[in-house]
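Each chain, written out:
Number of protein chains: 2
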Amino acid sequence: MEPERSIQKFQGFIFDLDGTVYLGEKLIPGADKTILTLRNMGKKVVFLSNKPLYTREDYARKLTNMGIPTRASEVINSSYVMARYLSKVSPQTRIYVIGETSIINELQKAGFQLTEDPGEIEYVVVTFDRTFTYEKLNIAFQAIKQGAHLIATNPDRTCPHEDGEIPDCAGMIGAVEAVTGQKVEVIVGKPSSIMVEVILNVMKLRPQDCLIIGDRLSTDITMGKNSGIHTALVLTGVTNLADLKKAKIKPDYVFESIGEIHKEPAGQSVKK
Amino acid sequence: MEPERSIQKFQGFIFDLDGTVYLGEKLIPGADKTILTLRNMGKKVVFLSNKPLYTREDYARKLTNMGIPTRASEVINSSYVMARYLSKVSPQTRIYVIGETSIINELQKAGFQLTEDPGEIEYVVVTFDRTFTYEKLNIAFQAIKQGAHLIATNPDRTCPHEDGEIPDCAGMIGAVEAVTGQKVEVIVGKPSSIMVEVILNVMKLRPQDCLIIGDRLSTDITMGKNSGIHTALVLTGVTNLADLKKAKIKPDYVFESIGEIHKEPAGQSVKK
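Sequence lines, in order, name chains A and B.
Take the first sequence: its letters are residues 1 to 272, numbered as in our numbering.
Take the second sequence: its letters are residues 1 to 272, numbered as in our numbering.
Excised from the complex, chain A in its bound form (with noise of 0.2 Å):
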């Protein structure tokens, strides 16, 4: 813990989005001024998130119209690092995507080739899919017996939902791996080495000039301990501080919200 040492030191801030930026469809009060504080000061700013069901497009116009103008390159989502990654392993390659019309339409954009056949599937994507169906397991059951790979998106167990929560990847993932008896090999998401790695390759930071700010204790601020980028936690989506002192891994720093961080150029952590 860095109480009394400035944020101001970073160059990059890595912003998780739900329970960081907003919640759901509501700005947390005083987002945009700090975001729009960081970027007067120069500073880069990235928007992080683990789901794939939106495009960054979809993201940067939410952002915008919430009052805080971003571009699609400034959001890095769990879709977008799988696309960057399938690109790196294996270009051009078939895959089966267990997923919903978003990140199916960004990778065949991507230049994949989308088939069903198992005899031809080289890779199983797994997504969060509120369209999953035995159907889907099946074909990805005979592609992975036939030698598929199996990689996910991201490895939550349930997203926030207007109404709680619901089941997230791990569900798809879960079903996958109990008939297959296979584990999946990569989840690129948070906290993966990953997506790191396409956080700072897009910023062009070192991870000891950047902080991530996220609300989620076991992906956020895990994902920075892993690399070296620096970390503050929010206590304005799952995480209270209950939690957190209960919790092994310890941010570096700790705000009550992301208001809180312009307000505070000095970066003092609220709570320890």
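Source of the hints: derived by calculation from the structure; they are not laboratory data.
Among the hints, erroneous ones may be present.
[Unchecked claim] Pulled a few chain A residues facing chain B out of the computed Cβ check, cut under 7 Å:
| id | residue |
| --- | --- |
| 1 | Arg130 |
| 2 | Phe132 |
| 3 | Thr133 |
| 4 | Leu137 |
| 5 | Asn138 |
| 6 | Ile139 |
| 7 | Phe141 |
| 8 | Arg157 |
| 9 | Cys159 |
| 10 | Pro167 |
| 11 | Gly171 |
| 12 | Gly174 |
| 13 | Ala175 |
| 14 | Ala178 |
| 15 | Val179 |
[Said to hold, decoys possible] Here are the simulated DSS-like pairs of lysine-lysine, each with C-alpha atoms no more than 27 Å apart in a straight line:
| id | chain 1 | residue 1 | chain 2 | residue 2 |
| --- | --- | --- | --- | --- |
| 16 | A | Lys88 | A | Lys183 |
| 17 | A | Lys250 | A | Lys9 |
| 18 | A | Lys245 | B | Lys145 |
| 19 | A | Lys248 | A | Lys88 |
| 20 | B | Lys26 | A | Lys183 |
| 21 | A | Lys248 | B | Lys245 |
| 22 | A | Lys225 | A | Lys250 |
| 23 | A | Lys248 | B | Lys183 |
| 24 | A | Lys183 | B | Lys246 |
| 25 | B | Lys88 | A | Lys145 |
| 26 | A | Lys183 | B | Lys248 |
| 27 | A | Lys145 | B | Lys26 |
| 28 | B | Lys44 | A | Lys183 |
| 29 | A | Lys250 | A | Lys44 |
| 30 | A | Lys9 | A | Lys33 |
| 31 | A | Lys145 | B | Lys248 |
| 32 | A | Lys145 | B | Lys145 |
| 33 | A | Lys246 | B | Lys183 |
| 34 | B | Lys245 | A | Lys145 |
| 35 | B | Lys183 | B | Lys88 |
| 36 | B | Lys145 | A | Lys26 |
| 37 | A | Lys250 | A | Lys263 |
| 38 | B | Lys145 | A | Lys246 |
| 39 | A | Lys43 | A | Lys245 |
Predicted model, so just to flag it, every value in this text is computed and none were measured.
Glycine residues also receive a C-beta, built at the ideal position from the N, C-alpha and C atoms.
Start from chain A and add chain B according to the hints.
Just chain B, lined up with the frame of chain A:
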């Protein structure tokens, strides 16, 4: 191994179905003769299946059509065992079934109230379901979050199929366990002691007076070993001699096929 001991001493014969009595729609040669010979000797015969896709009546009809006249009361499948189990632990309870029409009808007929309202559900019953969807996963998740019990019919990873194999109940269990972070409390099908209890109750025999004949080490033979029922492996299903050699678990008898049993009234094991 008791290769020289007669199987005539047993009073009850418990036959697995798929891989033992038939393969899909084809009777295994001599199965009819073996069953009829045993019945003529005054032995009790029942048939077992872990598949919750068909009713006991469906299996009785199939066997009768194949030349083995059978009553529904001589068939014990995992959906029947589930109905018996639930009737015992929580009669008239409110349940949600991840399953196909057949088991849903069977449980409804057994007096359980079906509901999709997570707040009302007391038991989530997970079964082999070729109509599984994200929506079903979400209902199960919301119910279990509110305290519903999680139970399942059978642990099978895959099910034999004309084109090879397809995902079985383990896929649905894997999805629900992964999103809820909870393990199924009870699986009633083979190799569960709950199924054994129903079998012995139906046969009115003691375990030591029975022989179970099946093709799977992990279900048929394991269940026998765990419960004091003697075991016979047939090599017409998923297990071959090489598998048997590597396996830790050893059946008391091994037959090339169910058809060998009536030819060898002394019940000699053809292979060690």
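Going through the hints against the structure:
1. Arg130: 5 Å, holds
2. Phe132: 4 Å, holds
3. Thr133: Holds, because the Cβ-Cβ distance from Thr133/A to chain B comes to roughly 5 Å (cut-off 7 Å).
4. Leu137: 5 Å, holds
5. Asn138: 6 Å, holds
6. Ile139: Status violated, d = 10 Å.
7. Phe141: 5 Å, holds
8. Arg157: 6 Å, holds
9. Cys159: 10 Å, violated
10. Pro167: 4 Å, holds
11. Gly171: Hint on Gly171/A: holds, closest Cβ of chain B at ~4 Å, below 7 Å.
12. Gly174: Cβ of Gly174/A sits 3 Å from chain B, so the hint holds.
13. Ala175: 4 Å, holds
14. Ala178: 3 Å, holds
15. Val179: At about 4 Å, which falls below the 7 Å cut-off, the nearest Cβ of chain B leaves the hint on Val179/A intact, so it holds.
16. Lys88/A with Lys183/A: Holds - the C-alpha atoms of Lys183/A and Lys88/A are around 21 Å apart, at most 27 Å.
17. Lys250/A with Lys9/A: Holds, because 20 Å separates the two Cα atoms, which is no more than 27 Å.
18. Lys245/A with Lys145/B: 24 Å, holds
19. Lys248/A with Lys88/A: Given that 27 Å is the threshold and the Cα spacing comes to 35 Å, the pair is violated.
20. Lys26/B with Lys183/A: 35 Å, violated
21. Lys248/A with Lys245/B: With a Cα-Cα distance of about 47 Å, the restraint between Lys248/A and Lys245/B is violated, given a limit of 27 Å.
22. Lys225/A with Lys250/A: The hint holds at about 9 Å.
23. Lys248/A with Lys183/B: 25 Å, holds
24. Lys183/A with Lys246/B: 24 Å, holds
25. Lys88/B with Lys145/A: Not OK: Lys88/B and Lys145/A at ~40 Å, beyond 27 Å, violated.
26. Lys183/A with Lys248/B: 25 Å, holds
27. Lys145/A with Lys26/B: Satisfied, since the Cα-Cα distance of roughly 26 Å is no more than 27 Å.
28. Lys44/B with Lys183/A: Judged against 27 Å, a Cα distance of about 44 Å means the pair is violated.
29. Lys250/A with Lys44/A: 25 Å, holds
30. Lys9/A with Lys33/A: Judged against 27 Å, a Cα distance of about 19 Å means the pair holds.
31. Lys145/A with Lys248/B: 25 Å, holds
32. Lys145/A with Lys145/B: 33 Å, violated
33. Lys246/A with Lys183/B: Given pair Lys246/A, Lys183/B holds - Cα atoms ~24 Å apart, limit 27 Å.
34. Lys245/B with Lys145/A: 24 Å, holds
35. Lys183/B with Lys88/B: 21 Å, holds
36. Lys145/B with Lys26/A: Holds, because 26 Å separates the two Cα atoms, which is no more than 27 Å.
37. Lys250/A with Lys263/A: Holds, at about 23 Å.
38. Lys145/B with Lys246/A: Holds, because 22 Å separates the two Cα atoms, which is no more than 27 Å.
39. Lys43/A with Lys245/A: 31 Å, violated
When the structure is compared with the earlier hints, violations turn up for hints 6, 9, 19, 20, 21, 25, 28, 32, 39 and for no others.
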